[in-house]
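Chains as they are written, first to last, in this note's numbering: chain A, 1 to 424; chain B, 1001 to 1424.
Rather than coming from a laboratory, the hints here were simulated on the basis of the structure. All C-beta atoms, glycine included, are put in the ideal place defined by N, C-alpha and C. Please note that the accuracy of each hint is not assured.
Calculated lysine-lysine pairs in the DSSO-like style (CA-CA distance at most 27 Å, straight line) [said to hold, decoys possible]: (1) A:315 / B:1315; (2) B:1315 / B:1137; (3) A:86 / A:54; (4) A:137 / B:1315.
Computed beta-carbon distance windows for the label pairs [as the list claims (entries may be wrong)]: (5) A:186 / B:1369: 47 to 57 Å; (6) B:1237 / A:111: 47 to 57 Å; (7) B:1117 / A:85: 34 to 44 Å; (8) A:23 / B:1404: 47 to 57 Å; (9) B:1057 / A:65: 54 to 64 Å; (10) A:370 / B:1024: 47 to 57 Å; (11) B:1325 / A:45: 37 to 47 Å; (12) B:1032 / A:117: 49 to 59 Å; (13) B:1009 / A:77: 49 to 59 Å.
Given next are the chains, with one letter for each unit.
Number of protein chains: 2
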Amino acid sequence: MRLGVAGLGTVAQGLFMLLSENADRVARQLGRPISIARVASRTPRPHIDTLGAKFSTDLDSLLGDDVDIVVELIGGIEDANHLISKAIELRKPVVTANKAVLSQFGNTYISRARECQVPLGFEASVAGGIPIVAVLKDGLAGNSIDSIAGILNGTCNFVLTQMDMHDSTFESALQEAQDLGFAESDPSFDIDGIDAAQKLSILGSIAFDQPIDLNNIYVEGITNVELDDLHYARELGYRVKHIAIARVFDASVEMRVHPALVSENDLLSLIDGVDNAITVAANGVESLLLKGPGAGSRPTASAVLSDIIEIAKGKSSLPTNNTSTRSASPISDLSCEYYLYIPVADEPGVMATLAEVMGNHLISMEAVIQKSDAVRQTGDYRWVPVVLLTDRVKESVLDATIEDLQGISAVHGDIRRIRVVDFN
Amino acid sequence: MRLGVAGLGTVAQGLFMLLSENADRVARQLGRPISIARVASRTPRPHIDTLGAKFSTDLDSLLGDDVDIVVELIGGIEDANHLISKAIELRKPVVTANKAVLSQFGNTYISRARECQVPLGFEASVAGGIPIVAVLKDGLAGNSIDSIAGILNGTCNFVLTQMDMHDSTFESALQEAQDLGFAESDPSFDIDGIDAAQKLSILGSIAFDQPIDLNNIYVEGITNVELDDLHYARELGYRVKHIAIARVFDASVEMRVHPALVSENDLLSLIDGVDNAITVAANGVESLLLKGPGAGSRPTASAVLSDIIEIAKGKSSLPTNNTSTRSASPISDLSCEYYLYIPVADEPGVMATLAEVMGNHLISMEAVIQKSDAVRQTGDYRWVPVVLLTDRVKESVLDATIEDLQGISAVHGDIRRIRVVDFN
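Could you build all of it, start to finish, from the sequences and the hints given here?
What follows is the structure in structure tokens.
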């Protein structure tokens, strides 16, 4: 079984290491060894041990007869798309860790792979070393899946954990993530939620047969989460996590990525640092949680290698066509509990005014926190935060309510909302 | 794809429900439906909807040409062994949830199944709905696995959770487990650790290619855990859990089942009630945790059905021959930290005597708890518990130390030891 590996980055290096260290175990399972026939990369990096592979800067060198499986680990869109598309047309099995290219072209790959009867593995594209794709596809094959909720972006989780544990500001936590190599120099892709949304689009396709479509996903990053929110959330018995959620109702699917209050009784709230975790609710298993490293050289390579071995064993089934016709439910239709952070003037009577507006919109409150010693000063202006936890309410109703609240003269500054994850 | 199902118990009923509710999803994956051709059980239970299956009280009725896969859900040893053995000889794929029969005859089934080229599925035999067999076998196929540690018995975990949360005694917690149907009327199989050991023997065979052999496993149940131990463990930053551990060194494998102190920073310590959880350490994924229902009708049926679908897809590989020649490491060779609970006379100078004995055996102490207000009275005798947390020490050294401690005149009553789980 001869691999053609595109890329010499961290995941490729992890793959070379695992293939070298675990060569015996892999060969015993397959009855034959796996070798790296070819490696292709824009930039040669001769210090990397590619286990005797031929090297080329030309990706197309991986498409010849001396390669049985094409392993795409270059990342990015254009070159990756070229390689994957060509490999499928040539009926060469493909393994990729590239969520970006999958979230853009995955539907095409899947339908062409089915037509060409060629396996396509993408375990490594979601949640690093956690074998969530296989668990959804095979482990829960006899289930109807109701929902998935998870922490899919390690950078966001690291930043929120640092803020929560060490009272860091968002900016300094992000700086630390960058210093440790957990965030890119341009971190927007992670902290704006795009990365998590791409992963969720892939998970939704496996769990619910949804066509992969980022436009179906409501996306919000963590840049607006303040240290104050983490403190108040704790006081209310929650943690703030960046959560990706997909769940189905009869005719619609709800897919969203945003900061959320997660109950401290929910294990998801306790997943810290760069780890990923995913909970699945389904009509057979009821509830399942998987936790593990969401990125990194070896963990991601572990997922790549599991796909390679499955293909080599001839066990890989063709990807399922995503034929669901469920419509995406817009965020305005969401119904959940909300945390509201309302900066108000430090003067009497404000709470009554807030409560009146909430009452006008028929929103009940589960909890209210207003502390006399929590006075903040912004320039000349003295204000206090009022924190509300609402009962379940429709997002569109909450939008209108926030607009009214924002119009109160004693409310100064933007009201922040964080959705509460209240299922599982 | 026609099933022959042995048994009409809770797991079989869960299977019928899932096959009925998820028929469309299953048929879409396979391109054809799954039907129940036959059901066999000692006792007819006509009120159970078996989806149109023919019924017989004769298990051999499942071995005819109208059955494609034999699904053994009767439990017990003798009849199950008869059915599984015959099915394999007839080259009929077998799916079983029966850890007891596997832990006794599994090696024979595996080698005969390989010789007869017939698939054998046993996902449901370990940890209910958690797809741990598939994760170890396929998801981590490219890894060398270093260790597995888990909560594999829901009854033990429920009892310990009840004691910990509600200050229940062992007896009343067990009674509650029985009232709720989480424990058998004869609970010894669970609380003595046999059930967990059977499951561990199966996991060890998948993770480490170890032949299945209960004799390789050190087994201790939870009957000696006292409420006091849970309190002191908490004070030291731990919870007491019933843990099953398997890990390999170069030439030996360590397999053990016993109560253990688990750090409160370890997610395993937070798994409560009847849930199961398993952590895996491996050289690719680094660390993975799975949590879910360890028993129950639907979760266990979910695992059974995943095996059936894999076989129906033709994706099931033959079971791996367990050819490891690693020797089992005896418990006396274990090296870990220990919690010791020592009942001593309420008089001066005792601590110095204890410390001297520990020193004689070169054991350092990480923590000592002795409280002046913790005086207990047993009959006329006033005593206080001294709780020690040792540094890492060899079990054989600790055995000798406990013998010496037990000989001190001020030590009255049995010293209890609980091992600390200090890896992952």
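task: Given the range 49 to 59 Å, decide if the beta-carbon distance of residue 1032 of chain B to residue 117 of chain A lies inside it.
output: Once the Cβ atoms are compared, 18 Å apart, the range 49 to 59 Å for residue 117 of chain A and residue 1032 of chain B is violated.
- prompt: Lying within 47 to 57 Å: is that true of the beta-carbon distance residue 186 of chain A to residue 1369 of chain B?
  reply: Given range 47 to 57 Å: holds, Cβ gap about 52 Å.
message: Please check whether residue 1009 of chain B and residue 77 of chain A have a Cβ separation lying inside 49 to 59 Å.
response: About 53 Å separates the Cβ atoms of residue 1009 of chain B and residue 77 of chain A, which means 49 to 59 Å holds.
- prompt: Taken at face value, is the distance from the CA of residue 54 of chain A to the CA of residue 86 of chain A at most 27 Å?
  reply: Judged against 27 Å, a Cα distance of about 20 Å means the pair holds.
Beta-carbon spacing of residue 23 of chain A to residue 1404 of chain B - inside the hinted bounds 47 to 57 Å or not: holds (49 Å)
query: Within 54 to 64 Å or not, the Cβ separation of residue 1057 of chain B and residue 65 of chain A?
result: For residue 1057 of chain B and residue 65 of chain A the Cβ distance comes to about 59 Å; the hint holds.
task: Can you let me know if the beta-carbon spacing of residue 370 of chain A and residue 1024 of chain B is within 47 to 57 Å?
output: holds (52 Å)
message: Just to be sure I understand the hint, the distance between the Cβ atoms of residue 1117 of chain B and residue 85 of chain A should be within 34 to 44 Å; is that true here?
response: About 38 Å separates the Cβ atoms of residue 1117 of chain B and residue 85 of chain A, which means 34 to 44 Å holds.
task: State, for the Cβ atoms of residue 1237 of chain B and residue 111 of chain A, whether the hinted interval 47 to 57 Å holds or is violated.
output: holds (54 Å)
query: Going straight from one Cα to the other, do residue 1315 of chain B and residue 1137 of chain B come out at no more than 27 Å?
result: holds (13 Å)
- prompt: Within a Cα-Cα threshold of 27 Å, do residue 137 of chain A and residue 1315 of chain B meet the stated pairing?
  reply: holds (12 Å)
- request: Just tell me: holds or violated, for the beta carbon distance of residue 1325 of chain B and residue 45 of chain A against 37 to 47 Å?
  value: holds (40 Å)
When each numbered hint is compared with the structure, a violation occurs for hint 12 only.
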